[in-house]
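Our numbering numbers the first residue of the sequence shown as 1 and each following residue consecutively.
Keep in mind that the hints were calculated from the coordinates and are not lab data.
Please read all numbers here as calculations on a predicted model, not as lab measurements.
Each hint should be verified, as a subset may be incorrect.
What the hints assert, rightly or not - Within a straight-line C-alpha distance of at most 25 Å, the following computed SDA-like cross-link-like pairs (lysine to any residue) qualify:
#, residue 1, residue 2
1, Lys134, Asp180
2, Lys168, His196
3, Lys172, Asp203
4, Lys86, Leu57
5, Lys161, Asp119
6, Lys86, Thr121
7, Lys142, Glu85
8, Lys123, Gly160
9, Lys168, Thr121
10, Lys142, Ser186
11, Lys86, Asp190
12, Lys51, Ala106
13, Lys168, Ser201
14, Lys172, Val133
15, Lys161, Ser45
16, Lys167, Thr121
17, Lys127, Ala179
18, Lys161, Ala106
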Amino acid sequence: RALLNTEASRDMSETTPDQAPPASSSGALDPEGENALKIILLGDSAVGKSKLVERFLMQDYQPRMLSTYALTLFRHNATIPGCEEKVAVDFWDTAGQERFNSMHPAYYHQAHACIICFDVTRKQTYKNLPTWVKELREYRSKIPTICIANKVDVDYNVMGKDFAFPKKHDMKLYYCSAADGTNVISAFEDAIQQAHNYANSDDKDDFVDQVLALVNDTNSMRVDTSSKGSAASCGPPGTATEG
Numbered sequence: 001r002a003l004l005n006t007e008a009s010r011d012m013s014e015t016t017p018d019q020a021p022p023a024s025s026s027g028a029l030d031p032e033g034e035n036a037l038k039i040i041l042l043g044d045s046a047v048g049k050s051k052l053v054e055r056f057l058m059q060d061y062q063p064r065m066l067s068t069y070a071l072t073l074f075r076h077n078a079t080i081p082g083c084e085e086k087v088a089v090d091f092w093d094t095a096g097q098e099r100f101n102s103m104h105p106a107y108y109h110q111a112h113a114c115i116i117c118f119d120v121t122r123k124q125t126y127k128n129l130p131t132w133v134k135e136l137r138e139y140r141s142k143i144p145t146i147c148i149a150n151k152v153d154v155d156y157n158v159m160g161k162d163f164a165f166p167k168k169h170d171m172k173l174y175y176c177s178a179a180d181g182t183n184v185i186s187a188f189e190d191a192i193q194q195a196h197n198y199a200n201s202d203d204k205d206d207f208v209d210q211v212l213a214l215v216n217d218t219n220s221m222r223v224d225t226s227s228k229g230s231a232a233s234c235g236p237p238g239t240a241t242e243g
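Can you build the whole structure from these sequences, using the hints too?
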């Protein structure tokens, strides 16, 4: 199977608590004006999400910190096999926010794919997957999702175990180790490919997009009304205009 060619770059920025991170037309944080694929990582704290991203990029990365949101973004450049299209990819990592068992809606906004992870050495992280998927589907009902069973290096026999949850939700399961790299490249390349396919499809459904569209429509109506009111009174205060 053809491998994705990768590069990475660095930038740093912050946002205020009530302000969603800026988005490009494709949805990912994109200050340079490129259309980036957005891939989000979900799962309990300490399952190894950040380490998986770092292993995939083999230390050739520079993270962008969004400290207010407790997010880390890894900008990554890839070439899609087959079409040889070069794409920018932003991996969104929770960076500890998952301790609150819920993510800010902006985290899901216009994501193109999701990598959901659990720790094979901690059964509770697997039992919590339904909670994460429920929240994901509230905001992004149709994006492709793959599941990673991490830390298989602790006991490789777990790779012969069948996990029902990913199969039930039509997720491809990868048995991975961020420590030694087992299956990490395959999992992330699959996520990038699926994100690219989704971004170029017409079958999208983003609840946050719909809300923002309604807000924008409402704001436009207010601006129009305000403009009409201003035009009606063009004299100094206290003077009447002839009708």
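- Query: Which earlier hints can't be squared with this structure?
  - Reply: 1, 6 and 18
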